[in-house]
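Visitor: Residues per chain are reported as follows:
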Amino acid sequence: MSIDQPPQIEKVESQPVQDSLFCIGGFEFRSRMILGTGRYDSFEAMRDSFAHAEAECVTIAVRRDKQHDSDSRNILDFISPELVLLPNTAGCYDAETAVRCARMGREILRQLENPGERWVKLEVLGDSRTLLPDPIETLKATELLVKDGFDVLCYTSDDPIVARRLKDAGATSVMPAGSPIGSGLGIANENNLRLILEDLKRGDPEFPVIVDAGLGTASDAAQAMELGFDAVLLNTAVARAACPSTMAEAMKLGVLAGRRAFLAGRIPKSRFGSASSPDVGVISSRST
Amino acid sequence: MNITLNGNPATMENDLTVSGLVSKMGFKGRAIAVEINGELVPREQFDRLLADGDQVEVVTLVGGG
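Same order as they appear, the protein sequences are chains Y and C. Going by our numbering, 5 is the number at position 17 of the first sequence; the sequence numbering is gapless. Position in the second sequence (first residue = 1) + 1289 = our numbering.
Worth flagging that the hints you see were computed from the coordinates, not collected in a lab. Treat the hints with caution; some may be incorrect.
[Unchecked claim] Covered by chain Y, according to a simulated footprint, are these stretches of chain C (three or more residues, beta-carbon under 8 Å):
hint: 1; segment: 1298 to 1311
hint: 2; segment: 1336 to 1349
[Stated by the list, open to error] Just a sample of chain Y residues kept apart from chain C, beta carbon distances all over 10 Å, derived:
hint: 3; residue: D36
hint: 4; residue: E95
hint: 5; residue: G216
hint: 6; residue: C231
hint: 7; residue: S262
No residue lacks a Cβ here, since even glycine has one placed at the ideal position from N, Cα and C.
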């Protein structure tokens, strides 16, 4: 080939594995990242982050407070109507309050005619310092909400037995924490998360399992996806980054990279080296 | 009439409906949910009269994860 001619790209025989849509609670998303709506410096920063993340679903809280910022602006005016809202019960500390909160969230979404009215991110906390979930109250609330017709996405600890009990109670998805909410510690107990995945997906590979909380940066999101989680849910890592929209994009890429690596099937780990070049024909008389 | 509104004691005129209260709070036309004594009040029932001693919650959506 002449050096003046551009190299011809050979026909690619092997195509990368095509990913499926992320199916959860009757919705189908291309995006595998659910973002929270809290802790941004401004509604504009939040809106821009959602755009850079290419988010399709965002979670939102229910409060007594007015839904306006200091300029009397409404957060809903900064959330594209195309986004599916996932109301949450953040800040509830007992099953009864969480159920009331979920019902009020459903009523608000019904008025907004947002398709998210039928589901809820259940969060029942047990401790205000660590913000770790209360597994007993979470299970109670799950049972009540499932009976009331909700699709329940359960935020929970990384305990595999609790995760199983929540699925058995009819949860639509189980969402173990990587580490405490807002901590940025990433995945604190990878072994437990693997156990949860294996257990909940055994004989039911489509059951959605999500890492919710604790992720700090893009490699944390990639790690979760490489393990085989269906999606990640995060808020603080983007909202409190020095540049939220850039972190939103980084998270999107981290999720994509991790998901592609999971689909590709990684090599097993070995304690020893394994040469990529042939070990015969080496121009050396060295025997070992 | 004395009610508890979002956890605080509040004195309201008699014959106040839920929608009257919502307007008073500046929430008219906004996405809100109302609960009285622990029970959700659907928007279709906002002509309901409040009663003395009612525990009323009026909530909206806010940013949060």
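Visitor: Against each hint, give a clear statement of whether it holds in the structure.
Guide: Outcome of the hint check:
no., hint, result
1, 1298 to 1311, "violated (count 0)"
2, 1336 to 1349, "holds (count 4)"
3, D36, "holds (14 Å)"
4, E95, "violated (4 Å)"
5, G216, "holds (23 Å)"
6, C231, "holds (18 Å)"
7, S262, "holds (42 Å)"
The structure shown violates the earlier hints numbered 1 and 4.
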